[in-house]
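Peer 1: Letter by letter, the chains look like this.
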Amino acid sequence: GQQVMQIPQYQHVQEGEDFTTYCNSSTTLSNIQWYKQRPGGHPVFLIQLVKSGEVKKQKRLTFQFGEAKKNSSLHITATQTTDVGTYFCAGQRYSSASKIIFGSGTRLSIRP
Amino acid sequence: KAGVTQTPRYLIKTRGQQVTLSCSPISGHRSVSWYQQTPGQGLQFLFEYFSETQRNKGNFPGRFSGRQFSNSRSEMNVSTLELGDSALYLCASSNGGTDTQYFGPGTRLTVL
Chain A
41 GQQVMQIPQY QHVQEGEDFT TYCNSSTTLS NIQWYKQRPG GHPVFLIQLV KSGEVKKQKR
101 LTFQFGEAKK NSSLHITATQ TTDVGTYFCA GQRYSSASKI IFGSGTRLSI RP
Chain B
25 KAGVTQTPRY LIKTRGQQVT LSCSPISGHR SVSWYQQTPG QGLQFLFEYF SETQRNKGNF
85 PGRFSGRQFS NSRSEMNVST LELGDSALYL CASSNGGTDT QYFGPGTRLT VL
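Which chain is which? The protein sequence lines are A and B, in order. Residue numbering for the first sequence is 41 to 152, as defined by the numbering used here. Residue numbering for the second sequence is 25 to 136, as defined by the numbering used here.
Each hint should be verified, as a subset may be incorrect.
[Claimed, not checked] Cut-off 20 angstroms, straight-line C-alpha distance, at most; resulting in silico cross-link-like pairs (SDA-like, lysine to any residue):
| id | chain 1 | residue 1 | chain 2 | residue 2 |
| --- | --- | --- | --- | --- |
| 1 | A | Lys110 | B | Arg97 |
| 2 | A | Lys76 | B | Leu136 |
| 3 | A | Lys139 | B | Phe74 |
| 4 | A | Lys76 | B | Gly66 |
| 5 | A | Lys139 | B | Lys37 |
| 6 | A | Lys139 | B | Thr38 |
| 7 | B | Lys37 | B | Tyr126 |
| 8 | B | Lys81 | A | Thr67 |
| 9 | A | Lys91 | B | Asp123 |
| 10 | A | Lys96 | B | Thr124 |
| 11 | B | Lys25 | B | Tyr126 |
| 12 | A | Lys76 | B | Lys37 |
| 13 | A | Lys97 | B | Lys25 |
| 14 | B | Lys25 | B | Arg54 |
| 15 | B | Lys25 | A | Leu86 |
| 16 | A | Lys76 | B | Asn83 |
| 17 | B | Lys25 | A | Lys96 |
| 18 | A | Lys139 | B | Arg54 |
| 19 | A | Lys99 | B | Leu136 |
| 20 | A | Lys96 | B | Arg97 |
| 21 | A | Lys139 | B | Gln65 |
| 22 | A | Lys139 | B | Leu136 |
| 23 | B | Lys81 | A | Ser144 |
| 24 | A | Lys76 | B | Gln65 |
| 25 | A | Lys76 | B | Pro129 |
| 26 | A | Lys139 | B | Lys25 |
No lab work stands behind these hints: they were computed from the structure. Just so you know, these numbers come straight off a predicted model, no measurement behind them.
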């Protein structure tokens with residue numbers, strides 16, 4: 041079945057350092073979404089990528105969707121303590137009626 | 025708009041019992057998805073309901089079931105509880121298709 045793999049599982053960085061998490065799907069995706077879950081909270085939508093090779097930015101966050109629409113990345117520049125949490129990618133295959141499969145998440149912790 | 029609400033927020037049950045969890049989606053949203061979140065397994069998709077019909081299903085045993093009512097509210101039922109069912113159960117609503125998943129705060133189920 042469809043799988044969405046995410047690496048690394050954990051990342052511990054010094055405040056101010058950059059952070060990147062990678063998401064890979066075993067199948068071509070129609071779109072990919074990214075979510076952030078703060079400790080003790082629930083996942084919150086960050087962004088959706090739909091087009092091949094798409095790049096979107098939100099302040100210090102840069103999201104990319106691969107040309108083959110099978111991989112994606114989230115890069116955070118100059119991390120801050122507010123970036124702490126688990127970042128999930130979620131891919132959807134085929135049609136809009138197909139289920140959304142979440143990656144295993146990358147937990148980001150930051151040393152002040 | 026009010027967000028996704030889930031009740032109860034916390035639940036303690038013993039092995040062999042059954043439990044029903046409730047989710048009220050954002051007004052106007054017709055899709056409700058259920059996820060199980062555990063520290064070791066991440067976010068696992070249970071099922072999605074759209075306009076009272078189960079549209080997608082994950083790889084969970086038949087002990088896990090759900091339904092959706094005409095007002096889009098959804099319930100999830102777990103019968104014959106096992107220790108391994110202890111988890112945070114999250115529901116998410118959307119307009120359907122590729123739209124953003126809006127998550128509720130979750131119900132934390134503990135099985136003793």
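Peer 1: Please name the hints from earlier in the document that this structure breaks, with their numbers sorted from lowest to highest.
Peer 2: 1, 2, 5, 6, 7, 12, 13, 16, 17, 19, 20, 22 and 26
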